[in-house]
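Number of protein chains: 2
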Amino acid sequence: MSVKILGGITAPKGFKASGVHCGIRKNKNKLDLALLVSDVPCATAAVYTQNKVQGAPILVTKTHIADGYSQAMLCNSGNANTCNPNGVELAKTCCELAAQATGLKPNDFVIASTGVIGMPLPIEPFVTGIPLAVDMLSNKGGNFAAEAIMTTDTRRKDFALEFKLGGVLCRMGVMTKGSGMINPNMATMLTFITTDVAISPQMLDQALKAEVKETLNQICVDGDTSTNDMAVVMANGLAGNPYIAENNADYATFCTILHKICVWASREIAGDGEGATKLLQCSVHHAPSKAVALSVAKSIISSDLFKSAMFGEDANWGRALCAIGYAEGDFSIKNVSLTLKSEKGEVLVCQNAMYHPYSEEFASEILSEREIEILVDMHDGDYYAQAWGCDLTYEYVKINGDYRS
Amino acid sequence: MSVKILGGITAPKGFKASGVHCGIRKNKNKLDLALLVSDVPCATAAVYTQNKVQGAPILVTKTHIADGYSQAMLCNSGNANTCNPNGVELAKTCCELAAQATGLKPNDFVIASTGVIGMPLPIEPFVTGIPLAVDMLSNKGGNFAAEAIMTTDTRRKDFALEFKLGGVLCRMGVMTKGSGMINPNMATMLTFITTDVAISPQMLDQALKAEVKETLNQICVDGDTSTNDMAVVMANGLAGNPYIAENNADYATFCTILHKICVWASREIAGDGEGATKLLQCSVHHAPSKAVALSVAKSIISSDLFKSAMFGEDANWGRALCAIGYAEGDFSIKNVSLTLKSEKGEVLVCQNAMYHPYSEEFASEILSEREIEILVDMHDGDYYAQAWGCDLTYEYVKINGDYRS
Numbered sequence: 152m153s154v155k156i157l158g159g160i161t162a163p164k165g166f167k168a169s170g171v172h173c174g175i176r177k178n179k180n181k182l183d184l185a186l187l188v189s190d191v192p193c194a195t196a197a198v199y200t201q202n203k204v205q206g207a208p209i210l211v212t213k214t215h216i217a218d219g220y221s222q223a224m225l226c227n228s229g230n231a232n233t234c235n236p237n238g239v240e241l242a243k244t245c246c247e248l249a250a251q252a253t254g255l256k257p258n259d260f261v262i263a264s265t266g267v268i269g270m271p272l273p274i275e276p277f278v279t280g281i282p283l284a285v286d287m288l289s290n291k292g293g294n295f296a297a298e299a300i301m302t303t304d305t306r307r308k309d310f311a312l313e314f315k316l317g318g319v320l321c322r323m324g325v326m327t328k329g330s331g332m333i334n335p336n337m338a339t340m341l342t343f344i345t346t347d348v349a350i351s352p353q354m355l356d357q358a359l360k361a362e363v364k365e366t367l368n369q370i371c372v373d374g375d376t377s378t379n380d381m382a383v384v385m386a387n388g389l390a391g392n393p394y395i396a397e398n399n400a401d402y403a404t405f406c407t408i409l410h411k412i413c414v415w416a417s418r419e420i421a422g423d424g425e426g427a428t429k430l431l432q433c434s435v436h437h438a439p440s441k442a443v444a445l446s447v448a449k450s451i452i453s454s455d456l457f458k459s460a461m462f463g464e465d466a467n468w469g470r471a472l473c474a475i476g477y478a479e480g481d482f483s484i485k486n487v488s489l490t491l492k493s494e495k496g497e498v499l500v501c502q503n504a505m506y507h508p509y510s511e512e513f514a515s516e517i518l519s520e521r522e523i524e525i526l527v528d529m530h531d532g533d534y535y536a537q538a539w540g541c542d543l544t545y546e547y548v549k550i551n552g553d554y555r556s
Numbered sequence: 152m153s154v155k156i157l158g159g160i161t162a163p164k165g166f167k168a169s170g171v172h173c174g175i176r177k178n179k180n181k182l183d184l185a186l187l188v189s190d191v192p193c194a195t196a197a198v199y200t201q202n203k204v205q206g207a208p209i210l211v212t213k214t215h216i217a218d219g220y221s222q223a224m225l226c227n228s229g230n231a232n233t234c235n236p237n238g239v240e241l242a243k244t245c246c247e248l249a250a251q252a253t254g255l256k257p258n259d260f261v262i263a264s265t266g267v268i269g270m271p272l273p274i275e276p277f278v279t280g281i282p283l284a285v286d287m288l289s290n291k292g293g294n295f296a297a298e299a300i301m302t303t304d305t306r307r308k309d310f311a312l313e314f315k316l317g318g319v320l321c322r323m324g325v326m327t328k329g330s331g332m333i334n335p336n337m338a339t340m341l342t343f344i345t346t347d348v349a350i351s352p353q354m355l356d357q358a359l360k361a362e363v364k365e366t367l368n369q370i371c372v373d374g375d376t377s378t379n380d381m382a383v384v385m386a387n388g389l390a391g392n393p394y395i396a397e398n399n400a401d402y403a404t405f406c407t408i409l410h411k412i413c414v415w416a417s418r419e420i421a422g423d424g425e426g427a428t429k430l431l432q433c434s435v436h437h438a439p440s441k442a443v444a445l446s447v448a449k450s451i452i453s454s455d456l457f458k459s460a461m462f463g464e465d466a467n468w469g470r471a472l473c474a475i476g477y478a479e480g481d482f483s484i485k486n487v488s489l490t491l492k493s494e495k496g497e498v499l500v501c502q503n504a505m506y507h508p509y510s511e512e513f514a515s516e517i518l519s520e521r522e523i524e525i526l527v528d529m530h531d532g533d534y535y536a537q538a539w540g541c542d543l544t545y546e547y548v549k550i551n552g553d554y555r556s
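Respectively, the protein sequence lines represent chains A and B.
Residue numbers for the first sequence follow the numbering used here, beginning at 152 and rising by one.
Residue numbers for the second sequence follow the numbering used here, beginning at 152 and rising by one.
Careful, some of the hints might be misleading.
The list treats identical chains as one, so a pair stands whether inside a single copy or across any two.
Calculated lysine-lysine pairs in the DSBU-like style (CA-CA distance at most 35 Å, straight line) [unchecked claim]:
1) Lys485 - Lys291
2) Lys495 - Lys177
3) Lys549 - Lys315
4) Lys203 - Lys291
5) Lys213 - Lys485
6) Lys549 - Lys177
7) Lys485 - Lys243
8) Lys179 - Lys441
In case anyone wonders, no lab produced these hints; they're calculated from the structure.
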């Protein structure tokens with residue numbers, strides 16, 4: 152139903168992007184400014200962090216896409232432009248500079264920043280960097296943009312799918328980044344999704360808001376909800392599919408593709424969490440409600456103790472059960488079973504919330520893999536949810552003990 | 152008004168205690184069974200974990216002190232007796248064995264366990280260990296009992312105060328333990344408080360429940376709410392003070408002493424958190440409500456990112472502000488100021504939720520101390536609260552990557 156294609160956010164028709172080094176980051180080998188421009192206006196939906204401290208770019212982006220449309224996106228790494236006295240002014244000036252260089256209007260721009268909080272951010276890098284980024288715009292530039300939004304990420308995170316709507320070939324691309332301060336709440340880290348699907352802003356907003364609850368909000372690296380989380384979808388309609396303006400079969404297909412894109416982004420962010428050596432995927436089956444399924448899955452992959460045990464490849468399942476026990480919601484734990492699974496096989500370690508005999512050796516072998524799945528069966532309903540996290544390692548502490556130097 | 156004295160939980164009149172090695176822990180040099188007996192019945196109040204998974208001893212203790220009284224306490228380390236199919240039966244058998252050996256009734260006993268979750272726990276160590284512990288009972292035995300309840304704690308945690316009520320000399324002692332799976336919720340880790348004050352069970356219960364909200368519930372080592380948290384106060388009345396049965400001046404004094412004891416315990420647990428090199432104390436001033444003050448203080452000392460920065464002695468205050476921003480409650484962040492303080496001095500790093508110029512060198516010097524205070528002024532009301540935590544270190548990951556072996 153969908154096929155993976157190359158190109159990331161520039162895979163959909165009519166999107167150009169670039170990534171340049173403008174000098175916000177000291178290391179000249181690291182790109183730090185990403186630009187994305189669509190040939191035509193895009194229906195645009197976004198979700199933002201629920202943190203009371205919000206990055207200045209979020210405040211500016213909210214007003215710019217209040218009408219449901221945008222046409223371009225500018226994002227820097229190396230500085231979050233948060234808690235800076237002149238942050239909003241600076242973000243607005245950046246949009247003006249980008250408008251001048253592209254011939255668009257300032258409020259056509261989504262703007263975002265990621266990096267250290269509360270460090271002064273000068274305008275100079277943008278003055279030289281924005282025209283350079285405009286010069287470099289290309290329909291093959293998605294990869295460079297994805298590289299320019301990285302902070303402690305160890306790899307570029309972009310991806311694209313091709314699919315059909317009403318018989319018409321459409322595309323959806325995404326770039327995203329982690330990798331610390333990851334505990335999205337009704338929003339997510341920086342995730343930018345492009346598509347050439349023709350869809351109304353209202354339907355796009357509905358699709359994104361439903362989707363992030365089940366994927367991007369279900370990631371946790373360290374329990375810290377960032378001040379700059381943002382997920383944006385820009386749909387320029389250039390695929391020429393029948394315009395989606397109601398809850399029909401094409402909308403359902405669109406949501407399925409958006410789900411695949413967001414699951415991919417969630418797994419990428421979690422698996423490349425700061426210091427991570429393992430991706431943890433928790434799948435909760437037969438929960439009494441969707442909310443409980445989501446809460447239980449997230450609680451397990453958020454537990455520092457369980458994450459440390461996974462780093463040590465120790466099947467200390469009691470910590471997972473403990474994390475279920477303090478998950479939010481009204482539910483019974485008495486029928487819960489736990490299975491640990493990887494490419495090496497699977498092992499049932501807990502049944503009816505009690506110890507179930509198993510081979511520690513085999514369990515350790517299962518946990519030696521890079522991707523670990525924790526299967527929870529609550530035997531108490533029909534709801535299902537997943538969450539994604541990573542192990543807690545020495546490297547996480549090292550990265551964050553000395554992030555700014 | 153109160154003076155520190157020796158003896159821990161056996162400092163108050165009429166309490167005897169012991170700590171022995173009974174074989175639950177493999178290392179014969181580690182004590183693993185604590186016993187406490189009062190000469191006369193004690194008004195008893197307790198709070199327990201809110202985790203849906205609860206240790207078997209908690210279920211048994213709840214029924215035993217339902218009448219407001221107990222006379223003794225038995226606690227093992229090395230195994231939490233949680234998620235064991237025969238856990239409740241085993242806890243009851245332990246109380247019966249202890250009753251036989253002491254001449255008390257099984258339901259005179261508070262029982263507690265701490266250690267690994269979901270590992271089978273045999274009765275044999277108790278069969279030999281309980282009579283041994285009874286033989287060793289002494290009014291100087293508080294220190295041994297405090298040693299026997301340790302798990303990954305690096306030091307014994309007991310303390311006592313002497314004070315006057317109605318002109319009569321009284322005493323209060325405490326023993327407590329950490330040091331991982333620490334994020335108490337309406338309860339706490341294992342904390343046992345003894346006193347010879349004469350007080351009704353109702354007033355004792357009221358005092359304890361009010362107190363834990365401001366101290367023991369305000370600790371966080373790793374965000375994991377344990378399955379076995381319990382705080383108990385046993386008051387045997389042998390001091391001979393005027394019986395406290397109403398909210399009078401003596402009750403207020405009693406609450407002040409209980410607060411000192413619980414602050415001490417909170418600082419001890421946090422400062423000896425798994426892998427900790429620093430005690431973090433966050434004090435929130437001028438908050439719009441008590442709930443917001445508590446929530447903001449707890450949020451900062453719970454942030455993995457901030458804890459890692461403290462380990463690295465890096466004044467990355469933006470992470471503290473970020474943690475305030477995602478704290479629960481309805482409040483404004485716009486007037487928030489942050490000061491970092493230690494014996495080396497103090498430095499204002501953030502004013503009106505924005506960057507405030509400061510010397511990074513001096514800030515690092517302040518953070519080089521073992522005890523760090525984070526002062527938050529919300530400039531938005533009259534409420535105050537504190538919370539206690541520790542830094543996040545390589546050692547935490549090491550301890551928990553391989554806890555069971």
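At most 35 Å between alpha carbons: which applies to lysine 549 and lysine 315, within, between, both or neither? neither (46 Å within a copy, 50 Å between copies)
When no copy is specified for lysine 213 and lysine 485, does a C-alpha distance of 35 Å or less occur within a copy, between copies, both, or neither? Answer is between; shortest inter-copy Cα gap is 19 Å, intra-copy 45 Å.
Regarding lysine 179 and lysine 441, is the shortest C-alpha distance of 35 Å or less found within a copy, between copies, in both, or in neither? neither (47 Å within a copy, 48 Å between copies)
Intra- versus inter-copy proximity for lysine 177 and lysine 495 (alpha-carbon distance at most 35 Å): between (43 Å within a copy, 32 Å between copies)
Tell me, please, which holds for lysine 549 and lysine 177 at an alpha-carbon limit of 35 Å: within, between, both or neither? both (20 Å within a copy, 33 Å between copies)
Copy assignment of lysine 485 with lysine 243, given that the CA separation must stay at most 35 Å: For lysine 485 and lysine 243, the Cα distance is within 35 Å only across copies (21 Å; inside one copy 55 Å).
Check lysine 485 against lysine 291 for me: Cα-Cα at most 35 Å, and say if that holds within a copy, between copies, both or neither. neither (54 Å within a copy, 43 Å between copies)
Alpha-carbon proximity context of lysine 203 and lysine 291, limit 35 Å: neither (37 Å within a copy, 52 Å between copies)
The structure fails hints 1, 3, 4, 8 (numbered hints given earlier, in ascending order).
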